[in-house]
Structure formats: C-alpha cells, structure tokens
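First to last, the protein sequences are chains L and E.
Mapping of the first sequence onto the UniProt record's numbering: position 247 corresponds to residue 247, and the numbering continues sequentially without gaps.
Mapping of the second sequence onto the UniProt record's numbering: position 243 corresponds to residue 243, and the numbering continues sequentially without gaps.
Just so you know, the hints here were simulated from the structure itself, not pulled from any lab data.
These figures come from a predicted structure and were not determined experimentally.
Hints may contain errors.
No distinction is drawn between identical chains; accordingly, a pair holds when it is met within one copy or between any pair of copies.
[As the list claims (entries may be wrong)] Cross-link-like lysine to aspartate or glutamate pairs, in silico, DMTMM-like; alpha carbons within 25 Å at most:
#1 Lys326 / Glu362
#2 Lys289 / Glu165
#3 Lys314 / Glu339
#4 Lys437 / Asp304
#5 Lys289 / Asp376
#6 Lys162 / Glu320
#7 Lys326 / Glu372
#8 Lys326 / Asp374
#9 Lys314 / Glu332
#10 Lys432 / Glu187
#11 Lys314 / Glu153
#12 Lys326 / Glu424
#13 Lys406 / Glu424
#14 Lys289 / Asp374
#15 Lys314 / Glu290
#16 Lys162 / Glu187
#17 Lys172 / Glu29
#18 Lys162 / Asp376
#19 Lys211 / Asp376
#20 Lys144 / Glu187
#21 Lys105 / Glu68
#22 Lys314 / Glu333
#23 Lys314 / Glu424
#24 Lys162 / Asp374
#25 Lys162 / Asp371
#26 Lys47 / Glu381
Protein chains: 2
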Amino acid sequence: MKIVKFGGSSLATSEQIEKVFQIVTSDVERKIIVVSAPGKRFPDDIKVTDLLISCAQLSLQGKDYSKEFNQIIQRYSEIANGLGLSEDITNEISLGIELSLSSKKDHPARYMDAVMACGEDNCARLVASYFQLKELEASYINPKEAGLFVTNEPGHAQVLAKSYEKLFELRKKSGILIFPGFFGYSEEGHIVTFSRSGSDITGSVVANGVKATLYENFTDVDAVFSVNPAIIHNPKEIKELTYREMRELSYAGFNVFHDEALIPAFQAGIPVNIKNTNNPTAPGSRIVKERTLSNGPLIGIASDNGFCSIYISKYLMNREIGFGRKLLQILEENQISYEHQPSGIDDISIIIRQNQLPVELECQIINRIHDELDADHVVVERDLALIMLVGEGMRHNVGTTARASKALANAGINIEMINQGSSEVSMMFGVKSFDEKKAVQVIYEEFFSKSVI
Amino acid sequence: MKIVKFGGSSLATSEQIEKVFQIVTSDVERKIIVVSAPGKRFPDDIKVTDLLISCAQLSLQGKDYSKEFNQIIQRYSEIANGLGLSEDITNEISLGIELSLSSKKDHPARYMDAVMACGEDNCARLVASYFQLKELEASYINPKEAGLFVTNEPGHAQVLAKSYEKLFELRKKSGILIFPGFFGYSEEGHIVTFSRSGSDITGSVVANGVKATLYENFTDVDAVFSVNPAIIHNPKEIKELTYREMRELSYAGFNVFHDEALIPAFQAGIPVNIKNTNNPTAPGSRIVKERTLSNGPLIGIASDNGFCSIYISKYLMNREIGFGRKLLQILEENQISYEHQPSGIDDISIIIRQNQLPVELECQIINRIHDELDADHVVVERDLALIMLVGEGMRHNVGTTARASKALANAGINIEMINQGSSEVSMMFGVKSFDEKKAVQVIYEEFFSKSVI
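Throw the hints in and build the complete structure from the sequences for me.
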C-alpha cells in the first residue's frame, strides 16, 4: 500500500487534478491520497491558504473580508466547473468556509487554525467528488474520524502517539481514501494545524500509521536537486539520499519536503519518493535509510542567509564553569533559539537567525551579557550566510574540508566560521551574505563538476 | 622601572643566583626582583616546592617528614654556602619552615598554602642577603606589608583590585627590592597561593601596581618557540607576539609563561619580555599589545591531548529552545568544564578534558542526558587531541584553513573537528590522539618551512 501526497501546485487547477486522477489510477497500490489546498496557478497567484489567512485576519479585526472570501470560492468554483462537478459542491464549500469564519473568536490562534484548515479539507472533498464522478470507489476521510490526534499547539501541532494505532484501521476501508493534509484534532476536538506546508507531515503520519510500503510525495519538480537551481543552472539531480542527508539539506534552503515530515516515515522505515505531478514517469528522488555511496563525498550543498553572530569575549572564560550555560539561559529567557556556538579559548560566538534579534532586543541582550556575565566585549555581526555541505560519503573521505576551503580561498572568499565535527554527514561554512552565491558556486564546481560521479 | 622575575631553574644553585645578580646589576632600571623557589638542578631533581608539598602532606597525615625537611634545608644550605653567606641564614630558614609545618592544621588547604609559600619566601630572603653581601642596597619585601591582597581561595588566589594601588607605593622605596612570588595574603591575614607556577602572576601584578615600563620574565629558554621542540627539532623562535597570541598558545601545551599572569600586564599595557638567565644577551620573546605582521599567517602551533567528546543526537534538536542550556546544566552540576561545542542540525558534541570524566561519571552523565533530554543517541569518544593554529595574521589571510586542512589531508589525517569562527587569532583542529604529532609536523611544514618569513 502506497500513500500518495499531492502538493498545492498539483491541485491548483482542474487540469492538475485530472493529472492527479491519472497518477492515482495508474497504480493499484496507490490507496490513500493526501491533499494540500489549491496552490499557485502562476507565479504571482495567491494560494488558497493565504486567502484564508487574510479572511481570518480581517474577520478577527472585525473588518470586511468579502473580497478575499469571494476569491476563494471563485477558485473552488473554477476547479469544480473544470472537472464537470455540479454547483452543489461549490455551494457546500462556500457554506462550510462561511461557517468557520463565523465561529467563535475567543481563541484567535485556534480560530485561525480552523479557518486555514478549510483549504485542505474542501480540496479533499472536491477531489473525492471528482473521483466518484469518474466512477472510482473513493471517499473523503475526516481526520477526526480517522483518529489523527495532535497536541493543542495552534500552528505547531505535534502528532500524538495514539494516532498511529487508530490510523492503521484505514487499511480496512475499501476504495481510494482522500485525506486532507495539514491538520489534525486536539483531544478536546479542536482543529489544530501543523506548521506551514504541513500536508507533508500528514502524509508521513498516515504512511507510518498504515505501515505503507512507500510514501510518494508529488510536487512540481522532477527531483531534489543537489543545489539550489537559482544559484546553479541545471544542477545535478539526486536520485537517492538518506533521511539524514535530506534533513540536513532541508535545514538550509531545500524546501522540497517539510523536514518535520521525515520523522514518522523514518521511524517506520518507509522510503519517501519525491516525484513530479507534471512528469510522473520520471523516477524522482528516493529518501531511504541507507544508500550505496556511488557518488563523491557530497550529495548536496544547501545555503541560507539571514544569520547573525553574537561574539562574546572574556579573559579566562574557559576556566569559568557555568559561563556557557548562563549565556544560553539569557537567550532562552528571550525565547531565542541558537544555531551554533563556535568558541575560542576566551571567546564564544552564538549564531542565531537574525530575525530573532531586532535592534532593541539586541541592546537588551548585550547589556545583560555585559552585566550578568561580566564580559569584556560583546559584538553583534549581522548578515552572515551558512553554507552546508551534506553527504554520507564525507565520513569515509579525508580531504573534503581541504577541497572546500581551497575552493573558497581561490575565490577570495573569507571563511567566517567553520562548524565541523558533530554531524557525520555535514560540514558548515559561515561566510558573509554577499559571498553566499559565489561560495555555493565554487563548492559545487569543486565537487560536482570535477569529480567523477 | 623594570620588574624582573626569575623562575626556579634560575635560582636552583648558587651559580644561577650569581647570574641573577649579574643580570639585575647590569641595568639600573631593574628595580624589583620577583623570585620563585629553587627549582631543578638536573632533570631528575626535585623542586623545593615539591619537597614542601611532601612535608605538608606527611605532616597532615601525622607522619614523619624529617627526610624531606632535611632535603629542603640541604638545598638552601648549599646555595647559602655557595654564595658565601653565613650559617645564620640557613638556620633562620630552617626555623621558619619548621614554624610553618607546626602551625595549626584545622584548614588543610590553608596549611598547605602556608607551607608551600616558604619556598619562594625564603628564596627571596636568601637572594636579598646575597645582594647585601655584595654591597648592593637590597631588601626583602614581605607581600603583606607591600599590600598584595588576594581572595581566600587556597591554591587559586585571585588578586584583589586594591592591591594595585598599595603596590604603587613600592616605587618610593630605595634600592633593589626582592619580592617572593607565588602568594599573597587574604584580608584575614592568611597566606594564599596562586595556582602552580604563580610567581609569574606575582611579577605581572607588581609590574601593573608600580606601572613598570617592562616586565622581564627570566626562564631557561632563549625564546618562546613557534612549536613544541619535542615535536619539531630546532623550531623557529618567536621574537614578538601579542598578548592574545600568547594566551591562545598557552592554552594548549605552551608552558613558558603562566597564562593567568598575562592579565595584569595586559591591563596595564606593559610589555612582557621572556628571556634566558643562561643567555641574557639573547633578545628573547616580547609579548606586546600590537605587532607588525612580518611573518606568515601563523605565529605558532600548539597542541594538547587528553580530550574526549560527548556526542548527542536528537531529531529536531535545533528547534528545541533550551536543549543546549539543559545539557550544559548537567555538566555544570557535575563540575565539568567544557572546551568546545561543535554542532550539527540535530546533534551536538561537547569537547571536554577527559580527566574530568571517569567511567563511572560517564555512565551517570549519559543516563541523565538520555533521561532528562530525551536524546536519541549519546556516545563518548575518547583520546582526541586539539591542534591550535595561532596568529594575528590569520584575520587578513584568506586560505589559512585550506592550507592547513590540505596538509592534514595529504598526510592522511582525518579531521575529527574544526572550530573556527570566534577567535580572530586562532583556529582549532581536532584529530585522534595518535595523529597529534604528525598533524603538528605537517602544519608546521606547511606554514613555517614553506612560507617566506
């Protein structure tokens, strides 16, 4: 049994949903279909989920949301018409969304979640209706009835362990099951969504629950690329990668697959196949537990910017038990999560995402570090980028650091930071943001253009 | 005014003390002399301080210490005789040490400190007597009267700020002042020692107090070497280095100068000149605030072994605010200080000195990390060495990492860890202990044999 998840672009139009139908019916193993909300039809289009968010926000502010609401209904209506479905389904969808929008607003975050979930929920109803119209045995599955229970953290739901056992029951149902992605139910019965792009999580959870043989994740690219195609033209595709390689790549700029979504599949040992709705015969990229190391030391290069470092120096810091802990405590009290902490003898730098550190908070934190830790110097440096080199082959390969740092040096790029030594499958270089693109290019050149792969 | 400190080997015999006399009298600026206790005369010799420690330990156990006591008196007696001093001084020293040894033992650590301090204190008395015999105006200075006040932490005294002002008064005294190193007095009037080799600290504190123009530190080597001579035969000498370069080198294996001793001199901007009692005309090594960068990117390579890493992995660790802080809390509660923390996305390694982690404690800590942090994996890896590349030139030099990592790769040495990015003047590579020597050799070869210096 295969779980097949389709992303927003695969459900954006009736033509796309027709492709979904073809894909599902071309393999009898494709039993449970998890759907996102309709996504963008063209680059400047607005996703249904974003329209729903606008509606909910306006509604919470007591403002008129009819324009956005009509845009949503228009989207569903166009799809329904294109698929040859009757007006009834559009009317039902309209009523359902209006009902959500007029529900209680005493918990704004909960209200938000309930409205947002309409995107996937109605898309699932619509797809089920279309499949039925095509005389396929198909039914919409409600996540509550299916037993997808989650923690009561609006926008950040975590699956409760008991869900898996309950979801296993889905195996007994006949026909194709259309399951809305992105949300589950709290034990109190409220709709709670996963973080954005969370339909990937739903697919993975369901795959784990029913002990699927494969979790197919249909999106709009042929494969996971070894590097961001916006930086390298026509980069090498990754045919097979391990869960942890995918996780490391997802961290910095690889948004093909929601990184939290790997866990349930990983735990059940279910391979994930990233495929393209628009080119379903392409083999795509398989995410597996182990792979043969037929490529070079690297499988991919990821990068992300918008980081800053807080540099703290204090003479004899390294003799002071508790210094690092107190420093992290100050960050924690300000709800700041940190990424890395390179350290010298008497100094330490904390790398964080700089959107967590507005200037006002920066001043407060600098003052606290000075006052409470008696630091000699505290300096914040902004606009850093992290370049992540990922590959299982790295462990067996002396000289990866030398090749990467040489490539950067030859390009005149200064390495602000290196973090290597904990992960067996990744190595991280910090550079100035303005060097990010160049850095990725020269490392790609070194490992992917030169090596025999 | 110059402060001149002589180490134990410079005071080990009457011949050495004669050299001290020549050095002091050859420069009228050499006004305050700080002395260690008599050190080793030959490699297997026992330092007077070590004999004093043995006496104090035996005494605390209620055992006979007469053998060690006699050895100590014998040392002083031989020196006194060699210098042509009368028996009186040896008898005074003998009485003084006996008095310390028979003092109250209700605070063993305090007792220990009082006995240990006899080594320097009597050496200062002896040197002063000799200088007087040579008809030089010279006097022994008692640290209590001079105002060297410290915290009441036996074996780990920290200078109290008020000392500096009081020490400034020493400028008014005429003649040469002989000041015993290694200890000060608590505000309650107890003798408290600095950490071992703490005479360097006394010299630096006094230099700061009297606002000296130079702090000369006489030892038994011509200069600070760029690398451990036990690893590289006849290595390059360092003529000039900055305070922070010296501090970084001291951390890992450079024991020429006590690293805590740099602070007072650094704070007052007083240059430190490391010189050789046995070759006083050699220029030695100057430690200064800023230097011209006439050498390559590196000034020295230090290394040390006996480290281990605690590797912890947990899926989605990097989203968990507080994970790192809780981890450090566990270490802190076990009084473990850590050196570095390289981190991946979902894993972190804590590098610590492995003498802090006996097997029993290792098990306890692994269990706590599993239980309290819900970690997926916790693995301890022992026998790591850290190689530290130090140099102010590094900041201005793209490619240092590339050269170093290439040299290691060419030698087939796997880099277990890289820590770079906080300190501007150092970069650290972690390798297996068995690779330490080789790693230092190839990096030395790369930066000191090839580059034009």
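Results for each hint:
For the homomeric pair lysine 326 and glutamate 362, the shortest alpha-carbon distances inside one copy (17 Å) and between copies (23 Å) are both at most 25 Å. Only within a single protomer do lysine 289 and glutamate 165 lie at most 25 Å apart by alpha-carbon distance; the minimum there is 23 Å, versus 67 Å between protomers. In this homomeric assembly, lysine 314 and glutamate 339 come within 25 Å of each other (Cα to Cα) both inside a single copy, at 21 Å, and across copies, at 14 Å. Only within a single protomer do lysine 437 and aspartate 304 lie at most 25 Å apart by alpha-carbon distance; the minimum there is 10 Å, versus 37 Å between protomers.
In this assembly of identical chains, lysine 289 and aspartate 376 lie within 25 Å of each other by CA distance solely across copies; the values are 16 Å between and 47 Å within a copy. Taking the shortest alpha-carbon separations for lysine 162 and glutamate 320, only the inter-copy value of 23 Å comes in at or below 25 Å, while the best intra-copy value is 45 Å. For a Cα distance limit of 25 Å, the shortest separation of lysine 326 from glutamate 372 qualifies both inside one copy, at 9 Å, and across copies, at 19 Å. For a Cα distance limit of 25 Å, the shortest separation of lysine 326 from aspartate 374 qualifies both inside one copy, at 11 Å, and across copies, at 22 Å.
Taking CA atoms no more than 25 Å apart as the test, lysine 314 paired with glutamate 332 passes in both settings, with 21 Å inside one copy and 19 Å between copies. Taking the shortest alpha-carbon separations for lysine 432 and glutamate 187, neither the intra-copy value of 47 Å nor the inter-copy value of 51 Å comes in at or below 25 Å. In the homo-oligomer, the alpha carbons of lysine 314 and glutamate 153 lie at most 25 Å apart only across protomers (21 Å), although the nearest pairing inside one protomer, at 40 Å, exceeds that limit. Only between protomers do lysine 326 and glutamate 424 lie at most 25 Å apart by alpha-carbon distance; the minimum there is 23 Å, versus 29 Å within a single protomer.
Taking identical chains as interchangeable, the C-alpha atoms of lysine 406 and glutamate 424 lie at most 25 Å apart whether they share a chain (21 Å) or sit on different chains (19 Å). In this assembly of identical chains, lysine 289 and aspartate 374 lie within 25 Å of each other by CA distance solely across copies; the values are 22 Å between and 47 Å within a copy. With identical chains, the CA atoms of lysine 314 and glutamate 290 are at most 25 Å apart between copies only, with a shortest distance of 19 Å across copies and 45 Å within one. In this assembly of identical chains, lysine 162 and glutamate 187 lie within 25 Å of each other by CA distance solely inside one copy; the values are 11 Å within and 65 Å between copies.
Taking the shortest Cα distances, lysine 172 and glutamate 29 sit within 25 Å of each other inside one copy (14 Å), while across copies they are farther apart (96 Å). Taking the shortest alpha-carbon separations for lysine 162 and aspartate 376, only the inter-copy value of 20 Å comes in at or below 25 Å, while the best intra-copy value is 52 Å. Within a single copy, lysine 211 and aspartate 376 get their C-alpha atoms only as close as 56 Å, which misses the 25 Å cut-off; across copies the closest is 22 Å, which meets it. Within a single copy, lysine 144 and glutamate 187 get their C-alpha atoms as close as 10 Å, which meets the 25 Å cut-off; across copies the closest is 72 Å, which misses it.
For a Cα distance limit of 25 Å, the shortest separation of lysine 105 from glutamate 68 inside one copy, 19 Å, qualifies, whereas the shortest one across copies, 85 Å, does not. Proximity of lysine 314 and glutamate 333 under a CA criterion of 25 Å is satisfied in both settings, with 22 Å inside one chain copy and 22 Å between copies. Taking identical chains as interchangeable, the C-alpha atoms of lysine 314 and glutamate 424 lie at most 25 Å apart only when they sit on different chains, with a minimum of 14 Å there against 31 Å within one chain. Taking the closest pair of Cα atoms, lysine 162 and aspartate 374 come within 25 Å of each other only across two copies (19 Å); inside a single copy the shortest separation is 49 Å, beyond that limit.
Within a single copy, lysine 162 and aspartate 371 get their C-alpha atoms only as close as 48 Å, which misses the 25 Å cut-off; across copies the closest is 21 Å, which meets it. For the identical chains of this complex, lysine 47 and glutamate 381 are neighbours neither inside a copy (36 Å) nor across copies (49 Å), given an alpha-carbon limit of 25 Å.
Comparing the model with each numbered hint stated earlier shows that hints 10 and 26 do not hold.
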